[in-house]
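> Here is how the chains run, residue by residue.
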Amino acid sequence: MVNLNNIFNKFFPKSQTSPIGKKLIYMAWAIEITVALVGFTIAASFVAIGREETIALGGDVSSSGNIQYYIIGLAFFVVGIMELTKIPLATALYYAVRPFWKIVFFTALLAVNFSTFETILQGFQMSYSKNTKPVEILRGQLENLIDEKKTKKGVSSQENDIQIEIQDLQNRISNLNSDIAKINQDTNNQIAELEKQNSFSNPRIETLSNQIESEKEKIKGLYDRKEKLELSLQNIKWNQFGIKKSTEINIENVSRDIEKKENALETTRKERDLALGNSVSKNEPQIKALRDNANIKINNINNQIKEIEDNQLSTKLTSKSETTSKQDQMRNEINKLDELIDLQKKKVNQKASDNSFYQMAVMIKVGPGQWFWKEEILKDITPADLTQQDLKRAFWIWFGFLAGVISIIGTLVALAGLHLMDERMHEIRNRPLDRKNTIRYRFGKLIVTIIRYFYTLIKIKLKPITIEKIITKEVKVDKIIEKPVYEEKIVYQKVEVPKEVTRKEIVHVPLWTQDPELLGKKIDITTENEIKKKNKDKE
Amino acid sequence: MTALWHKYRKADKQTLVIIGVLILSAKLCKADGEFTLIEEEEILKIIPHDQIQHKILLSILEEGGSDESPIQEDARQLKKLIGEDNKPFLEFIIAVLYRLAIVDHVMSEEEIRDIQIVALEFGIVKNPYMDQIKAIASKYKQRIKLKKWSI
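Note that the protein sequences, when read in sequence, are chains P and H. Per our numbering: the first sequence = residues 1 to 539. Per our numbering: the second sequence = residues 1 to 151.
Since no wrong hints were added, every one of them can be taken at face value.
Pairs of lysine-lysine, DSSO-like flavour, derived with a Cα cap of 30 Å:
hint, chain 1, residue 1, chain 2, residue 2
1, H, Lys134, P, Lys10
2, P, Lys149, P, Lys347
3, H, Lys79, P, Lys22
4, P, Lys22, H, Lys80
5, H, Lys13, P, Lys10
6, P, Lys102, P, Lys22
7, P, Lys10, H, Lys10
8, P, Lys152, P, Lys392
9, H, Lys139, P, Lys102
10, P, Lys270, P, Lys288
11, P, Lys23, H, Lys13
12, P, Lys14, H, Lys79
13, H, Lys79, P, Lys10
14, P, Lys216, P, Lys226
15, H, Lys145, P, Lys22
16, H, Lys145, H, Lys80
17, P, Lys216, P, Lys270
18, P, Lys316, P, Lys153
19, H, Lys7, P, Lys10
20, H, Lys45, H, Lys13
21, H, Lys141, P, Lys22
22, P, Lys14, H, Lys7
23, H, Lys87, H, Lys139
24, H, Lys87, P, Lys10
25, H, Lys13, H, Lys139
26, P, Lys346, P, Lys153
27, H, Lys55, P, Lys10
28, P, Lys22, H, Lys87
29, H, Lys80, H, Lys55
30, P, Lys14, H, Lys141
31, P, Lys14, H, Lys134
Keep in mind that the hints were calculated from the coordinates and are not lab data.
Construct all of the structure, not just a fragment, from the sequences and the given hints.
Here you go:
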């Protein structure tokens, strides 16, 4: 049987996509109507809750007390109606030609989608608070117990804090003591410096000091000389040419000189001490002032130390001893709290096991929490271990994402339907790409090139790396030893045989003659030879 | 049901639609008494096909041309297949017939009459006015590659 289906598809391609596009439009309407119903329901629930609350407060239902709930309800009613404008707006955006209208309709569509997102999120929020309420009550109790334990632990850890504070105070006291020592040292240094300056300022003292130094040097030299002479005297065995005697005389002389010099040195020293004594007596008031100043400072520091010891340190020590006595009681209380916390955790886990949200929150904490937020999971996580932060994150990941998808899916489905129903789509699809110089074409080409580049890059990265290694293995191979075969070979060689060549040369041999004709006659050798050759040829 | 429609009764719906278009085209081209080679080539140009389907299309055209039944009957059959809801497709067929009618630069009275009959049968127009048919043809001018002067 003839089959021309493909011809039909090409002949009228819209027939292929148009029905699906129509279906998509219907589905988009279904989505939008449902979302609008959510808005209406939320509006109704607000009104109902308002009435209940007004009755609970003992007010009259008809009074203006619950009018605010009607206002909120109406606001959500408007949101519900607004949902129904999404598909017409999408159609307007799709068929808009001018950029101005495109921007206007796109903005309107974005605003409506955002309102849908909020509405859906509100619905999820209501459901979330309703579902998690029983677990949250237990979790609240658990958090109270944990807080209590923290407080107790804080009290027990006070001992350490007090100890740290005592340590601080002791450090301060030791610092102040070191300050006193420093002040003393500084004062002494200043006094010494003062004395030194005075001594240098008096020229007489300086001269005497120099004199003493030179005298000392001289005495030392004399002592050395005396020692050498004594040694040489010991080496002399007998009085040779009177050397021994003269050496003894020398030693006596040197000893006398030393005695003289030492006396002179003593006198000089006395003179210098006298001069120094006079100068010290001049510095006395300055030194006294320095010492008084230092004493004032030291007294201040001592007062500070005393104040720290009396007012602060003693109090701390007392409170430390009190805390230490309470420690055992605290420890017992903490242990009891631990037991209660464990019990409460079990209750929370039991209650949360029926709630899918908590299971999802645990999974998010264990999965994406570790991958994206670098959370350290050191043990098995249960719903009782979840923090408020974890729950909020799970809510936004799960319900936030869902709300986002619901808010945009209606618009996207409507746009897809419009596209499939559009006549122009097939024309554009079948249009040959003949204009290669257009910006659009070049941009498309660039995108394709970039994608291709990254594809190749990833392909290369994923490709296993082959490392070429030369491995030498010993393999037994039967060796065929080729034995040399000796064959008799006849080699013809051209040997040049030397030929004897006889050359005729004319040698001049003088012959003695007395013939007068021949004497003085010149013989031409060349003509002679030619004649001989001709004769030979004739022969 | 004419003998030709009876022959292809077991074919797919889509195939039948193409056969119907071919029959209508052949009958329209033959309405002025001569089914020229230009008209045949134009039909084959409008109907996108593969090389292997070329002979089949020619044979259907020949069968359509030699069929004695009135064009109104074929139009009715085609409308039955396509359905009343698919108005754009019916309009497109009228546009195709219009293009075939003007391919030889002369639109005969018979051709005008036949197009009007088909358009009335399809329910696209309520009165046999050519202006309306021209408007429909201009709607699909890009797809059927209709030149400006012809409208």
